[in-house]
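Engineer: What follows is the residue order along each chain.
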Amino acid sequence: QTAQTVLFDLWQRYLNTTPQRVKLIDVFMAFLVVVGGLQFVYCVLVGNYPFNAFLAGFGATVGQFVLTASLRIQTNPENKREFGSVSHERAFADFVLGSLILHFFCVNFIN
Amino acid sequence: MAVEVLEPFLKGDTGRNTRGLLRLIILCTIAAAAVASRLFSVILDPWFNFRATKYLVQNGFYSFWDWFDDREASHPVAQLVYEPRKPAEEPKRTRTWHPLGRVTGGTLYPGLMVTSGIIYHVLRFLSMPVDIRNICVLLAPGFSGLTAFASYLITSEMTTSPSAGLLAAIFMGITPGYISRSVAGSYDNEAIAIFLLVFTFFLWIKSVKNGSAMWGALTALFYGYMVSAWGGYVFITNLLPLHTFVLICMGRYSPRLYVSYSTWFALGTLASMQVPFVGFLPIRSSDHMSALGVFGLLQLVAFVEFIRQQVPNKQFQTLLRGLIFVVFVVSMGVLVLLTVSGVIAPWSGRFYSLWDTGYAKIHIPIIASVSEHQPTAWPAFFFDLNLMIWLFPAGVYMCFQQLKDEHVFVVIYAVLASYFAGVMVRLMLTLTPVVCIAAALAISSILDTYLVAENPIPKETQANGQATSDSIKSAADVIKDSLRSTRNPVLGIYSYVSKASVVGAVTTYLLLFVLHCTWVTSNAYSSPSVVLASKLPDGSQHIIDDYREAYYWLRQNTPDKAKIMSWWDYGYQIGGMADRPTLVDNNTWNNTHIATVGKAMSSREEVSYPILRQHDVDYVLVVFGGLLGYSGDDINKFLWMVRISEGIWPDEINERNYFTARGEYRVDDEATPTMRNSLMYKMSYYNYNALFPAGQAQDRVRGSKLPAEGPQLSTLEEAFTSENWIIRIYKVKDLDNVGRDHGSAVAFDKGNKKKKTAKRRGARVLRVE
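Sequences listed follow chains A and B, in order.
Residues in the first sequence are numbered from 11 upward in steps of one, following our numbering.
Residues in the second sequence are numbered from 1240 upward in steps of one, following our numbering.
Since the hints were derived computationally from the structure, they do not count as laboratory data.
A hint or two may mislead.
[As the list claims (entries may be wrong)] Just some of the chain B residues that point at chain A, by a computed CB distance under 7 angstroms: (1) Ala1452; (2) Pro1494; (3) Ala1510; (4) Gln1549; (5) Thr1746.
[Unchecked claim] Okay, derived cross-link-like pairs now, SDA-like style, lysine to any residue, Cα gap no bigger than 20 angstroms in a straight line: (6) A/Lys90 - B/Tyr1897; (7) B/Lys1600 - B/Asp1980; (8) B/Lys1448 - A/Asn86; (9) A/Lys33 - B/Ile1546; (10) B/Lys1553 - A/Asn86.
[What the hints assert, rightly or not] Label pairs and their calculated CB-CB ranges: (11) A/Asn58 - B/Gly1561: 29 to 35 angstroms; (12) B/Ser1870 - A/Tyr59: 26 to 32 angstroms; (13) A/Tyr59 - B/Val1568: 29 to 35 angstroms; (14) A/Arg31 - B/Phe1639: 41 to 47 angstroms; (15) A/Asn58 - B/Tyr1301: 26 to 32 angstroms; (16) B/Arg2006 - A/Phe61: 54 to 60 angstroms.
Cβ coordinates follow ideal geometry from the N, Cα and C atoms, glycine included.
Take the sequences, apply the hints, and build the full model.
Structural biologist: What follows is the structure in structure tokens.
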């Protein structure tokens, strides 16, 4: 019972306090989780024959998720103290760089 | 990277300008010293790497990547042209591991060759055509200059002291522990790997400090480069997760840690899987599981932290803490289960033998047989690291005093690397960087205390000038002159005598360090293994060049396809210098094949001749140091051949049979029959008696008198023996024309007719055909 209310409060707080841009990031992260989950389920059901292809696809979702989470953390105003040297624009540029490298490796690995 | 160096120039401050210029000059000088101290002797050694590089430069990157080691001069264009196959004419023409061949592109770390290939093409582009051999020879010294610079960078991250980085750079530049693997001509993977190791660590420290995804991505890129260069990348793969894990356990989780570690792991793992030799190992092998586990843990921790900020409820927070613990334990359990059930490969033997130090000796003699894989003796530490070895604990202790994130890293690195270096001589190489860093921290703090610290300003002027109104100070002011003990304590060393004596002592030590390094480098680590140098009684140098003599004999006097059998130590050299196919070489990927060679060497002639025939062996090469006292010969390695082949054929080869009844390993009159009948013994001592007056043959390595009658060979004939008898090459005889076995054929040729000609009818057998 308490857990339910706590969770509900959590959701309400999230909806009310989160800025629009961060919500956008969160939707993207949720999408990545769904895609990764689907790939995993498919791999479990059908088998992992081109294993490198599975790894490339799955690794792409995981890596992109992690990079997006990093962007979200870096641009969170509460973490301003931690990231003194990283401005929001710099964080976004880092995100782009990381994603480019990630996709280069994935495309190379998928053969 | 260069920003710190260049920064002072960009800001118009003269004092800092000068300091920056000095720093630049010092760094350049250090790099020059690092390069120069590696040039005592120049001769190219690891031949396989050189051969692969030559192939890369001649045939291009793509055919190097798909290189099945068959013909050196194969031109891919010629293969594209359609030719009807003639299988009868062209049997398998493998150059290495004769019947099997080696898929070279998938069984080497290509980083070294690609690096020198790129340098070659860049120089060519700048219209400086340099022979690829010279690039290979000078690659290691060049990269050691970069290593010195990288250790400057990483040490500068550790401390604010201006001198620590420079000290670390000079330590790293000239320490014998690193020079031993990077002298000019030692074209080995370690030549560039140590630079990549230190630089990856620098990038990691930088990314943890800043929490920037860019530095994390750079770490991943250089980690990928490191993976492509050296098998020791596993050290990084386990050290970075351990650092993260320890930070989490210390309660020092921060969003910076999340950003840097996740970026590194996601990109670095994908990068490492691009190398064909590594392949799916980062998913499948236990060596890499710590990185994966810490990655999962970090995600959990980050999520819980995120929730914790949102929820005020205390109970819920403890619930979450419990949840993360349960999830972690469960996933660890799953990991263990997967390992036990075999989905995830267990620890590889080479890596496992670091933990269970007795393991290799019992199960994988081929690992234990390499002298570099033995435990390190105490003097070796002092020999390689001199004064740094006793400054090292002090430096680590000073890291404990500050203990920021990066100092935790140094402490972990120090502990792990000292353990590994204690277990295996070869891993002294990974210990050296952290020893340099820690020693530089210690020395620089001494120097800062005794050299830089200014004289304390006398109290009166200070109080007047700064008008600080501390309550303690005012209280002290009241009774200032009355009691000595209540005066403000004056900290700092300000007598010139103490300053000068301490600084003088440190300077002396540093100068002695330079002397020691130069002495060790010139005397111990600059001796090429191909050319042996010895001193004549009058002090002049005498060069013994038997190896090249023999290899060039092979190159010029044998057919192109002649297969050479030798022990695996010489496989690469034969492939590189003699340019003939070999059965086994230094890349010990197939233990059974090596054991076959070992069996052929250690059995009777009747047993080994069929083995030689089955493997198309034309020549057998042994190294014999008995005449010259060259101790690294095949008789001294012989027991390892026996052990390795005993692991495969325990009922045919037995190590015990090669020892005398009292358990001694002897080659003289008392040697066991098995020993005296073994092919290796016969090949080594064949005709050796002829060099000496009768009955006085002497083996100068074993220091023993040889039996009066030398061994007889029936299935081999001596083809070549080098000037000092170091290399002996034998030709395998063909089958006898009339179908006798070789023993009786030789006996017949010698005229040993059977004395009893009386017709004794033996037990006849029916002819089957």
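Engineer: Each of the hints needs a verdict: does it hold here or not?
Structural biologist: A quick look at each hint next to the structure:
no., hint, verdict
1, Ala1452, "4 angstroms, holds"
2, Pro1494, "5 angstroms, holds"
3, Ala1510, "6 angstroms, holds"
4, Gln1549, "6 angstroms, holds"
5, Thr1746, "38 angstroms, violated"
6, A/Lys90 - B/Tyr1897, "73 angstroms, violated"
7, B/Lys1600 - B/Asp1980, "39 angstroms, violated"
8, B/Lys1448 - A/Asn86, "18 angstroms, holds"
9, A/Lys33 - B/Ile1546, "16 angstroms, holds"
10, B/Lys1553 - A/Asn86, "24 angstroms, violated"
11, A/Asn58 - B/Gly1561: 29 to 35 angstroms, "34 angstroms, holds"
12, B/Ser1870 - A/Tyr59: 26 to 32 angstroms, "54 angstroms, violated"
13, A/Tyr59 - B/Val1568: 29 to 35 angstroms, "33 angstroms, holds"
14, A/Arg31 - B/Phe1639: 41 to 47 angstroms, "43 angstroms, holds"
15, A/Asn58 - B/Tyr1301: 26 to 32 angstroms, "28 angstroms, holds"
16, B/Arg2006 - A/Phe61: 54 to 60 angstroms, "59 angstroms, holds"
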